[in-house]
Amino acid sequence: MRYHQVIVVGGGLAGLRAALELNKRNVKVAVVSKVHPLRSHSVEAQGGINAPLGNHPRGSHDSPELHAFDTVKGSDYLADQKSALRLTEDASERVREMEHWGVPFSRTTDGKIAQRPFGGAGFPRTCFASDKTGHVLLHTLYEQCVKYEQASERGEMVVYDEQIVTGLIVDDGVCHGVIVWDFQTGEIDVIKSEAVIFATGGAGRIFGKTTNALISTGLGMAIPYWAGIPIKDLEFVQFHPTTLFGTNILMTEGARGEGGFLLNNEGDRFLANYDDSSKAMEVAPRDIVARNMTREIMEGRGFEDEYLHLDLRHLGRDKILERLPGIRDLAMKFVHVDPIEAPVPVQPGMHYTMGGIDTNELGASRVPGFYAAGECGSVSVHGANRLGGNSMLETIVYGAIAGDSAAQYVLDGASGKTPDDTIFEDARKRELSRLDGMFTGAGEENPADIKDELEETMNRKCWVFREEKTLQEGIEKVEELLERYQNITLNSTGLRVNFDLLWALELGGNLAMAEVMIKGAARRKESRGSQFRTDFPTRDDDNWLHHTLAYYTNDGPRFDSSEVDLSIWEPKERKY
Amino acid sequence: MSEVSFKIFRFDPEKDKKPYTAEFTVPTKSGMTVLDGLYYIQEHIDGSLAFRSSCRAGVCGSCAMHINGTYRLACETQISALNTKTVKIRPMAHLPVTKDLFVDMDPFWEKYKHIKPYLIPGDEPGEIERLQTPDERAHLDTIIDCILCGACFASCTVNNYDDEYLGPAALLKAQRFFSDSRDAAREERMELVDGEHGVWRCHTIFNCQEVCPKDIDVTGSIAVLKRHLTADRFSPSLKKH
Chain A
1 MRYHQVIVVG
11 GGLAGLRAAL
21 ELNKRNVKVA
31 VVSKVHPLRS
41 HSVEAQGGIN
51 APLGNHPRGS
61 HDSPELHAFD
71 TVKGSDYLAD
81 QKSALRLTED
91 ASERVREMEH
101 WGVPFSRTTD
111 GKIAQRPFGG
121 AGFPRTCFAS
131 DKTGHVLLHT
141 LYEQCVKYEQ
151 ASERGEMVVY
161 DEQIVTGLIV
171 DDGVCHGVIV
181 WDFQTGEIDV
191 IKSEAVIFAT
201 GGAGRIFGKT
211 TNALISTGLG
221 MAIPYWAGIP
231 IKDLEFVQFH
241 PTTLFGTNIL
251 MTEGARGEGG
261 FLLNNEGDRF
271 LANYDDSSKA
281 MEVAPRDIVA
291 RNMTREIMEG
301 RGFEDEYLHL
311 DLRHLGRDKI
321 LERLPGIRDL
331 AMKFVHVDPI
341 EAPVPVQPGM
351 HYTMGGIDTN
361 ELGASRVPGF
371 YAAGECGSVS
381 VHGANRLGGN
391 SMLETIVYGA
401 IAGDSAAQYV
411 LDGASGKTPD
421 DTIFEDARKR
431 ELSRLDGMFT
441 GAGEENPADI
451 KDELEETMNR
461 KCWVFREEKT
471 LQEGIEKVEE
481 LLERYQNITL
491 NSTGLRVNFD
501 LLWALELGGN
511 LAMAEVMIKG
521 AARRKESRGS
531 QFRTDFPTRD
541 DDNWLHHTLA
551 YYTNDGPRFD
561 SSEVDLSIWE
571 PKERKY
Chain B
577 MSEVSFKIFR
587 FDPEKDKKPY
597 TAEFTVPTKS
607 GMTVLDGLYY
617 IQEHIDGSLA
627 FRSSCRAGVC
637 GSCAMHINGT
647 YRLACETQIS
657 ALNTKTVKIR
667 PMAHLPVTKD
677 LFVDMDPFWE
687 KYKHIKPYLI
697 PGDEPGEIER
707 LQTPDERAHL
717 DTIIDCILCG
727 ACFASCTVNN
737 YDDEYLGPAA
747 LLKAQRFFSD
757 SRDAAREERM
767 ELVDGEHGVW
777 RCHTIFNCQE
787 VCPKDIDVTG
797 SIAVLKRHLT
807 ADRFSPSLKK
817 H
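Here the protein sequences come in this chain order: A and B.
In this text, residue positions in the first sequence follow this note's numbering: the first is 1, and each later residue adds one.
In this text, residue positions in the second sequence follow this note's numbering: the first is 577, and each later residue adds one.
Warning: the hint list may mix true and false statements.
Said to hold, decoys possible - The list that follows gives simulated cross-link-like pairs (lysine-lysine, BS3-like), each with its CA atoms no further than 30 Å apart: (1) Lys147/A <-> Lys790/B; (2) Lys279/A <-> Lys525/A; (3) Lys147/A <-> Lys583/B; (4) Lys24/A <-> Lys417/A; (5) Lys28/A <-> Lys417/A; (6) Lys24/A <-> Lys689/B; (7) Lys28/A <-> Lys689/B; (8) Lys28/A <-> Lys147/A; (9) Lys689/B <-> Lys802/B; (10) Lys692/B <-> Lys28/A; (11) Lys319/A <-> Lys790/B; (12) Lys24/A <-> Lys692/B; (13) Lys147/A <-> Lys24/A; (14) Lys417/A <-> Lys429/A; (15) Lys692/B <-> Lys147/A; (16) Lys605/B <-> Lys477/A; (17) Lys689/B <-> Lys147/A; (18) Lys594/B <-> Lys661/B; (19) Lys583/B <-> Lys192/A; (20) Lys591/B <-> Lys429/A; (21) Lys192/A <-> Lys24/A; (22) Lys477/A <-> Lys417/A; (23) Lys664/B <-> Lys583/B; (24) Lys28/A <-> Lys192/A.
Claimed, not checked - Label pairs and their calculated CB-CB ranges: (25) Glu579/B <-> Asp436/A: 30 to 40 Å; (26) Ser433/A <-> Glu599/B: 32 to 42 Å; (27) Arg317/A <-> Thr660/B: 30 to 40 Å; (28) Leu707/B <-> Met332/A: 31 to 41 Å; (29) Thr553/A <-> Gly645/B: 51 to 61 Å; (30) Lys319/A <-> Thr780/B: 32 to 42 Å; (31) His620/B <-> Asp436/A: 21 to 31 Å; (32) Arg269/A <-> Asp738/B: 56 to 66 Å; (33) Arg762/B <-> Arg313/A: 35 to 45 Å.
If you are wondering where the hints come from, they were derived from the structure by calculation, not from laboratory data.
Remember, predicted model here, so these are calculated numbers, not experimental data.
Idealized CB from N, CA, C, for every residue including glycine.
Extracted from the complex, chain A is given alone in its bound form (with noise of 0.2 Å):
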């Protein structure tokens, strides 16, 4: 049995950065990733991360408190305003902090960090590299990890890569350890500790059309939710206007903030006549821009019923060369279309769970012990619907708020109790006997059949537009195949790499956060940001301005709400 005094779950942006700020304040800690670090989905992140530094000529008059009023604007007024405030107080400091690490960013004339425009704010803010800031966010992050690392001579700083978190271990309602798979020997082991940060990222994979990395599933939230601990506004997805048409591999909102155009089939920039878009136009927010999309695709003024073009031809090869590199290499890859030449086919995609585990405005969760940050958490700063810029955005500053408060508990003596040791090796017991019981189960179930079958219910009833009926025949379906997971049978048995295992594990964790989501936008009867009901087109503060809350029970989640803080600003229309 390792013991750890903090243990971080998860090695992308949130992770990492949860990881350094427990350094600092010299509180031992280890990274638990199921991939190695680098190969995070944070990796995937492309157009950059918002901080009111006013580098931008047009954005000089920048403060935290416009970012933050933004923010909850683009939310829907359902994001948490203290939150979404500290988000941007924050901001320009770890986004510095970044840069004094080693983080190539682009450059302006003048040496500072450069910022482009992106949607939801009225002149440019987010600082980028290139259209690949994800890649050197994690990248630098790592490398601060791998300095501590080797500096560290007592192991205040470790890193175990390919090890898979399948359980927290609860005591009396405090938390003291995970249950690790270590996928490359196959042994099941106990970490202790004093606390656990979660920092898994989110659950794309429930969709079958996401951006997501194929290991972004819901097991990360799923455990806690197993464990007691609530899931919140799970219902909020958001579906990213520009996805590869095929793979729904991202397309950065940078190539629109960079001027890009959104056509029909018709050659027309079809946002001019939509109400909701026709000012801010590309530039509009995510949820803005992809209902629009998916209208024109319905209306049958897309290309074969699918897609729309991203025209970039007009901005010349010098700035897509320079400004969008990445990008254009993902279209030549996997479409075979060179953006300088020609329009890039895309379609609105799932991209991002604004909800996910409930915590506090310092990353902790009702169970002591228990935190959370980054994706897989919801603090919550971006409340119905995401900033395009935010996300990594809160995955340092959360990241860093999340470490510094489990170090705060565990400096003043975390719970004070000592669990007996036997609770340990039961809990590793148990665990070790659920998992056998995956290989010997009676049942005829493939689980790649009920992945697939999940992703295209989702796609199909839980999309950008939802309305009753499509959503209890979803609903009807997540239950039969909840049903049937229960009999599944894998083909490769043993716990040493182990891929049907692990697939398995992923799936149940899908299945569970399939089931809290769609639940969930069947029973929140308005439309907010990111969620659209056609049979509830309009937003409904009297009777749904509040967080939804889901408690796992043997009979599905229960459903709870919680306040949402608007202790600044006033809920208005949200027009742009």
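Given chain A, put chain B in place with the hints provided.
Relative to the frame of chain A, chain B by itself:
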């Protein structure tokens, strides 16, 4: 629907006496990648097949492997582009096989860590960002695109006879910091890449440059380090010219 045959290196050191090749028939469709084919096999034919993947978009570096004669990322290699009915796949060379196409990357990461792969600035940061002109920043272009997939490492013939050779990816990372106007540890890092297992082992065969999925001039980057070290040794006479 057409089909291709996947011929895949299989080896589980805990079960198999020696490696063997397994053959699978995979139905194909337009746009299908080698990674899609591997998943078809893993999900529908043989669940025990082991291979890494994550982003499926050519940016995370998980799925470098030897595919029909060269190292590539399985996720961005479309089967149709191979122009063949047989897809032959081997794991990356110079790294111990853990299972099938899943290799132990630790030796690769140890070399990466050896060159102190982090910014070592010469001053304390101020209130705002360190300034760097667009020209200075341009020196980092393409080098920073490295996704550490290991394709260059696997393709490098020097690794055949020198296990301790730092290899192209680690040397490229050294050049990334060497070229950064904000870094102050040029000489310190130069010492780490000098010596018999460092830059001098590179025989300028260009394999690393050829296989790089990000089209980085890896060989050229190693040459930059060599030139710097050489110039130092010839100084001061060379520096006059």
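For each hint, the structure was consulted:
Distance check on the hinted pair: Lys147/A and Lys790/B sit about 26 Å apart at the alpha-carbon level, within 30 Å; holds. Straight-line distance between C-alpha atoms of Lys279/A and Lys525/A comes to about 29 Å, which keeps the hinted pair within the 30 Å bound. Taking the CA atoms of Lys147/A and Lys583/B, the gap is near 41 Å; set against the 30 Å cutoff, the hint is violated. Between Lys24/A and Lys417/A, the direct Cα distance comes to roughly 25 Å. Compliance with the 30 Å bound is thereby established for this hinted pair.
About 19 Å separates the Cα atoms of Lys28/A and Lys417/A, which keeps this hinted pair within 30 Å; it holds. As the CA atoms of Lys24/A and Lys689/B are separated by approximately 21 Å, the hinted pair is consistent with the 30 Å bound. For the hint linking Lys28/A to Lys689/B, the alpha-carbon distance of about 21 Å falls within 30 Å, and the restraint holds. For the hint pairing Lys28/A with Lys147/A, the CA-to-CA distance comes to about 15 Å; that is within 30 Å, so the pair holds.
For the proposed pair Lys689/B and Lys802/B, the alpha carbon gap of about 20 Å is at most 30 Å, so the pair holds. Taking the CA atoms of Lys692/B and Lys28/A, the gap is near 22 Å; set against the 30 Å cutoff, the hint holds. A threshold of 30 Å between alpha carbons decides the hint, and for Lys319/A with Lys790/B the separation of about 19 Å falls inside it, so the pair holds. Taking the CA atoms of Lys24/A and Lys692/B, the gap is about 20 Å. The hint holds against a cut of 30 Å.
Restraint check for Lys147/A and Lys24/A: the C-alpha separation of about 13 Å stays at or below 30 Å, so the hint holds. For the suggested pair Lys417/A and Lys429/A, the alpha carbons sit about 22 Å apart, so the restraint of at most 30 Å is met. Between Lys692/B and Lys147/A, the direct Cα distance comes to roughly 7 Å. Compliance with the 30 Å bound is thereby established for this hinted pair. Of the supplied pair hints, the one linking Lys605/B and Lys477/A holds, its CA atoms being roughly 27 Å apart against a limit of 30 Å.
With a C-alpha separation of about 9 Å, the suggested pairing of Lys689/B with Lys147/A holds against the 30 Å cut-off. Proximity of Lys594/B to Lys661/B is assessed by CA-CA distance (about 26 Å); at most 30 Å being required, the pair is judged to hold. The suggested pairing of Lys583/B with Lys192/A is violated, with an alpha-carbon distance near 44 Å, which exceeds 30 Å. For a cut-off of 30 Å, the pair hint linking Lys591/B to Lys429/A stands: about 25 Å separates their Cα positions.
Between Lys192/A and Lys24/A the alpha-carbon distance is near 21 Å, which keeps this suggested pair within the 30 Å criterion. Taking the CA atoms of Lys477/A and Lys417/A, the gap is about 44 Å. The hint is violated against a cut of 30 Å. With a CA separation close to 5 Å, the supplied pair Lys664/B and Lys583/B stays within the 30 Å bound. Distance restraint check for Lys28/A and Lys192/A: the Cα-Cα separation of roughly 12 Å lies within the 30 Å cut-off, and the hinted pair is therefore satisfied.
Against the hinted window of 30 to 40 Å, the Cβ-Cβ separation of Glu579/B and Asp436/A comes to about 37 Å, which satisfies the hint. Range check, Ser433/A to Glu599/B: about 37 Å between beta-carbon atoms, so the 32 to 42 Å window is met. Our hint of 30 to 40 Å for Arg317/A and Thr660/B holds, since their Cβ atoms are close to 34 Å apart. Between Leu707/B and Met332/A the Cβ separation comes to about 34 Å, which falls inside the hinted range of 31 to 41 Å.
Range check, Thr553/A to Gly645/B: about 55 Å between beta-carbon atoms, so the 51 to 61 Å window is met. Against the hinted window of 32 to 42 Å, the Cβ-Cβ separation of Lys319/A and Thr780/B comes to about 35 Å, which satisfies the hint. As the Cβ distance of His620/B to Asp436/A is approximately 24 Å, the hint placing it in 21 to 31 Å holds. At roughly 58 Å, the beta-carbon separation of Arg269/A and Asp738/B lies within the given 56 to 66 Å, and the hint holds.
A C-beta distance of roughly 42 Å is found between Arg762/B and Arg313/A, which places it inside the suggested range of 35 to 45 Å.
Of the numbered hints given earlier, the model fails hints 3, 19 and 22; all others are met.
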